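First to last, the sequence lines map onto chains A and B. Counting from 1, one number per residue, gives the positions in the first sequence under UniProt numbering. Counting from 1, one number per residue, gives the positions in the second sequence under UniProt numbering.
Read the hints as simulated data drawn from the structure, not as lab findings. Each hint should be verified, as a subset may be incorrect.
[Said to hold, decoys possible] Computed beta-carbon distance windows for the label pairs: (1) A:R60 to B:E24: 54 to 62 Å; (2) A:D99 to B:A250: 15 to 23 Å; (3) B:Q173 to A:T70: 36 to 44 Å; (4) A:T70 to B:A99: 30 to 38 Å; (5) B:R159 to A:K55: 33 to 41 Å; (6) A:T100 to B:Q212: 39 to 47 Å.
Source: prediction; values computed, not measured. Just so it is clear, CB atoms sit at the ideal spot from N, CA and C, and this is done for glycine as well.
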Amino acid sequence: MFYGIDLQSRLMLGTAQYPSPQVLRDAIAASGAEVITVSLRREGAGGDAFRDILKQSGCRILPNTAGCHTVQEAVTTAQMARELFGTSWIKLEVIGHADTLQPDPFALVEAARILAADGFEVFPYTTEDLIVGEKLIEAGCQVLMPWGAPIGSGQGLRHREALKTMRAHFPDIPLVVDAGIGAPSQAMAAMEMGFDAVLLNTAVAKALDPVAMARAFGQAVAAGRAAHDAGLMPRRDMAVASTPIFGMADLA
Amino acid sequence: MISVLGAGVAGLCAATALSEVGFEVEVIAPDGAPPPASLLAGGMLAPFCEGESAPDLIVERGQAAIAWWAEHVANVELRGTLVIAPPRDGAELDRFARATRSHAWVRPDDLEPDLSGRFARGLFFASEAHMDPVAAMANLRRRLEARGVRFHGGAPKGRIVDCRGLAARDRLQDLRAVRGEMLEVNAPEVTLTRPVRLIHPRFPCYIVPRGQGRYMIGATMVETARSGPVTARAVMELLSAAYTVHPGFAEAELIATGAGLRPSFPDNIPVLRRDGERIHVNGMYRHGFLMAPVIAGELVRMMTKETANAH
Chain A
1 MFYGIDLQSR LMLGTAQYPS PQVLRDAIAA SGAEVITVSL RREGAGGDAF RDILKQSGCR
61 ILPNTAGCHT VQEAVTTAQM ARELFGTSWI KLEVIGHADT LQPDPFALVE AARILAADGF
121 EVFPYTTEDL IVGEKLIEAG CQVLMPWGAP IGSGQGLRHR EALKTMRAHF PDIPLVVDAG
181 IGAPSQAMAA MEMGFDAVLL NTAVAKALDP VAMARAFGQA VAAGRAAHDA GLMPRRDMAV
241 ASTPIFGMAD LA
Chain B
1 MISVLGAGVA GLCAATALSE VGFEVEVIAP DGAPPPASLL AGGMLAPFCE GESAPDLIVE
61 RGQAAIAWWA EHVANVELRG TLVIAPPRDG AELDRFARAT RSHAWVRPDD LEPDLSGRFA
121 RGLFFASEAH MDPVAAMANL RRRLEARGVR FHGGAPKGRI VDCRGLAARD RLQDLRAVRG
181 EMLEVNAPEV TLTRPVRLIH PRFPCYIVPR GQGRYMIGAT MVETARSGPV TARAVMELLS
241 AAYTVHPGFA EAELIATGAG LRPSFPDNIP VLRRDGERIH VNGMYRHGFL MAPVIAGELV
301 RMMTKETANA H
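Work the whole structure out from these sequences, hints included.
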């Protein structure tokens, strides 16, 4: 449940960098995604035509504050997003570093506190740091979005053990792996680890065939979630034979 | 009589093609009309590079544009396109190669000695061309006037071929604006003889030589209808890309900036569309110089057939 909303598909898609709005529309449909995220910082009030196309997709819109580097920028962008899309959902990004696009955890917590107090339902883009996660929850967030790897890098789950720890530390908070996912296998791994959803953009938008890649990600996320729900077998150090080795017929 | 509305690249190509097969043509361009977005174009005839993000149809059909322009205007330069990336974006260059065709791997400084020492490898699209779009459009207009085609701002007298670009939004509900920003610099320290594309994470960034040390640097892609002047961000990003290609651009004089709105349909593919008696040529997106001659050819076939059927 993400702020009281139950989703069938656990794949969330970004909407930037597609070859055309038509390809984007087809990719969303092929992926089965029910949530799409959209940026506002550059497009501003003049971006209505593109936003209308996104609204027509029928997906729930998660506006984001991509490109914001300060608390004030992020808060202003979030307020504009609420007005333009009529939603209190906001994916909060406060970038600390222009090169790595690493979130600034201090500004993030501060912006999250302001927005939550103002009635926003905040999806903060954060690192896998547990203390930052706790501070964000204390600030009013009911979802956390740890990064898999730096935005657009396609490196997958760079700190897999830390993500596992985070999952174990916040058993009841919806956790979405956001950013850095490059391949369906990586999205599937996150779902098998028990994450509630994954959010990605570049891996689909910049694929040679974005629609086919969107479908592949949709299937991988569904399979990963089904595997997690079905209960994965524990990893063992030794082989465990599935048939007894005693009592085999000696035919010599 | 056919009345072509609009004197951007779509209107000029349509009027030229129609006039050449014997139709009587006039071009309507009211005095107060906004300047055509095509005046700010890169003027690259690069069907194969565009294939990086454009559908195959653009690559296939766009190839015919190079011969068309070479026949019609004087300043087409057949020097190919060089695509490069900073060393850390090498994987992106491999992706570009996979997404496109008709290219060869080269050492960039074999083609452009000024790039020596900074780029170990590049992709060369030998069959592509470029030109100065402002000169090319002026050239087409002169040719049309020499053929007796009148340009005026009065009421259209003939059947309407609507090439008004974004101004046709009053009749084309699904037409939207994609903003593009460009710069022109005077950089006497830099010698590049063909368009150079730098792989950029957000938009296809290119530097097009305009002769005498002048270069056009373009172009951003923003999903907005805001028409105001170039933003500081665009200037910073474009100049920083140019500086990555050649440090000599740091000493360049910034002589012009421009921001235009590309008329675009949802699939970003230029088309011919019927609207009752009116025919639209629109949605040039970033493919105006590449696709306007191709669509003009299609228009001629359509109208020739109709005229034949009417008799």
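Now the hints, each set against the structure:
At about 55 Å, the beta-carbon gap between A:R60 and B:E24 stays in the expected band of 54 to 62 Å. About 20 Å separates the C-beta atoms of A:D99 and B:A250, a value consistent with the hinted range of 15 to 23 Å. Between B:Q173 and A:T70 the beta carbons are some 38 Å apart, a value that agrees with the proposed interval 36 to 44 Å. Separation of A:T70 from B:A99 is about 36 Å and conforms to the stated range, judged on CB atoms against 30 to 38 Å.
For the hinted restraint 33 to 41 Å between B:R159 and A:K55, the CB-CB distance of approximately 37 Å keeps it satisfied. Restraint check, A:T100 to B:Q212: a C-beta distance of roughly 41 Å satisfies the suggested window 39 to 47 Å.
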